[in-house]
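Participant: Residue numbers (this note's numbering), protein chains in the order written: chain X, 1 to 213; chain W, 1001 to 1213.
Treat the hints as calculated values from the structure; they're not laboratory data.
Take the hints with a grain of salt, since some may be wrong.
[As the list claims (entries may be wrong)] Residues from chain X that face chain W, not an exhaustive set, calculated with beta carbons under 10 Å:
id, residue
1, E40
2, H48
3, G49
4, V173
5, L176
6, L177
7, M183
[What the hints assert, rightly or not] When the alpha-carbon atoms are kept at most 20 Å apart in a straight line, the in silico SDA-like pairs for lysine to any residue are as follows:
id, chain 1, residue 1, chain 2, residue 2
8, W, K1208, X, A201
9, W, K1208, W, E1167
10, X, K208, X, M1
11, W, K1208, X, P115
12, X, K208, X, V198
13, W, K1208, X, Q195
14, X, K208, W, P1174
15, X, K140, X, P115
Note that the Cβ used here is the ideal one computed from N, Cα and C, for glycine as well.
Protein chains: 2
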Amino acid sequence: MASLRFDIAVSLDGFSAGPNPSEEHPLGEGGMQLHEWAFELAAWREPHGKDGGEVNASTPVVEAMRANVGAVVMGREMFGGGPGPWGEDPWDGWWGDDPPFHTPVFVLTHHAREPLQKDGGTTFHFVTDGVQSAFEQARKAAGDHDVSLAGGADVAQQFLAAGLVDEFTLSVVPVLLGSGTRMLDNLGADVRLAQADVVAAPGVTHLKYRVER
Amino acid sequence: MASLRFDIAVSLDGFSAGPNPSEEHPLGEGGMQLHEWAFELAAWREPHGKDGGEVNASTPVVEAMRANVGAVVMGREMFGGGPGPWGEDPWDGWWGDDPPFHTPVFVLTHHAREPLQKDGGTTFHFVTDGVQSAFEQARKAAGDHDVSLAGGADVAQQFLAAGLVDEFTLSVVPVLLGSGTRMLDNLGADVRLAQADVVAAPGVTHLKYRVER
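Okay, chain X solo, but in the shape it has when bound (with noise of 0.2 Å):
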């Protein structure tokens, strides 16, 4: 069955991006490295225009998160352009002219927006009611296929609140960051939850997790 997921990489104490994220540092200070172990991958490499890498144990996990994606949902922080209304020009984010989705990008924001279609057959929308609002306009969009988180933290927290994960994974780091983003901050024991599956890989290791109802 189509599910609702997220593939998120964070520090052993837990943190998804480190502290004072700036133009320089995205991702927090430290934060890329949550994400080395994926950069030398071939299958992180291919979809991302570049040669070569590695084949490993994190191949498949790689593989498998973005097998089956029909739309991907993710914060206004993850699109770009910093808060706030989008203004005359408004920025078209990280990702380029061919983002590497490849199908329609809901984008959680308190500011309405055109959708914006990109090459290779991602466009995004922009949703200004709500996750369940972006929940459901990404469900119908992904038709059988899944629907994938990409975040930030905030978002796949109020999806996990709101009872609409299905399962997720956390690609766990070797690294402490001591602060920045909480990944699984504002949570409670009303979110049940089954160990899915454990591998183990060079630098990493990916812990997935079912939510239960």
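Chain X is already provided as a structure; the job is to place chain W on it using the hints.
Facilitator: Only chain W this time, still in chain X's reference frame:
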């Protein structure tokens, strides 16, 4: 080589105890859930004087935790008796007449107290001059064997920050506590880690790390 190590159960959101610890809930509200995977194991039941129990993928992990331990270090809270001076007729702690340690146990406290000898080879020594002293006393008592940090989180953090830990295992339980005692708090990138071992078991995943120097 003899090592200093700890093995602590944590929730997926990183807590080693729940909120509001009390006599009724010594591990905080919900905290006992972090140990349910262990209570079912023959390898846990036998040293606690109970018959029966399961053998599963956690068994060798629990056996390794207990093997080759020559001395134990713990915090005052883990010993028991509440904070402050010991008083006239001090409490003997949570651990009963035959504690499961069978080695010298060094208890970090601000309040001096005579050593407390129990059955089965466990003697509690009360250390008032800090983690380095507790480390040296435990290291000497352990001889060729390992020193085990029994907890709590604050003691483990002090030992990690002081560069005294060789390896540790987090036994990650698929539960969100939402608040409580954070296991890896007050630490940062100066503690450098390497993944050492990953064991998926029923109701828990054991993640072992080495501290790099």
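Participant: Against each hint, give a clear statement of whether it holds in the structure.
Facilitator: Hint by hint, here is what the structure shows:
1. Taken as an interface hint, E40/X does not check out: its beta carbon lies about 15 Å from the nearest beta carbon of chain W, beyond 10 Å.
2. The criterion of a C-beta within 10 Å of any C-beta in chain W is not met by H48/X, whose closest approach is roughly 25 Å, and the hint is violated.
3. The beta carbon of G49/X comes no nearer than 30 Å to any beta carbon in chain W, farther than 10 Å, and the hint placing it at the interface is violated.
4. Hint status for V173/X relative to chain W: holds, with the closest Cβ pair at about 9 Å, below 10 Å.
5. The beta carbon of L176/X is positioned within 10 Å of a beta carbon in chain W (closest approach about 5 Å), and the interface hint is therefore held.
6. A least Cβ separation of about 7 Å between L177/X and chain W falls short of the 10 Å threshold, and the interface hint therefore holds.
7. Of the supplied interface hints, the one on M183/X holds, with its beta-carbon coming within about 8 Å of a beta-carbon of chain W, less than 10 Å.
8. Distance hint between K1208/W and A201/X is fulfilled; the C-alpha atoms sit about 13 Å from each other, no more than 20 Å.
9. For a cut-off of 20 Å, the pair hint linking K1208/W to E1167/W stands: about 7 Å separates their Cα positions.
10. Proposed proximity of K208/X and M1/X is supported: the alpha carbons are some 17 Å apart, at most 20 Å.
11. Of the supplied pair hints, the one linking K1208/W and P115/X is violated, its CA atoms being roughly 46 Å apart against a limit of 20 Å.
12. Restraint check for K208/X and V198/X: the C-alpha separation of about 6 Å stays at or below 20 Å, so the hint holds.
13. Of the supplied pair hints, the one linking K1208/W and Q195/X holds, its CA atoms being roughly 18 Å apart against a limit of 20 Å.
14. Simply put, K208/X and P1174/W have alpha-carbon atoms about 10 Å apart, close enough for the 20 Å limit, and the pair holds.
15. Between K140/X and P115/X the CA atoms are separated by roughly 16 Å; this keeps the pair inside 20 Å, and the hint holds.
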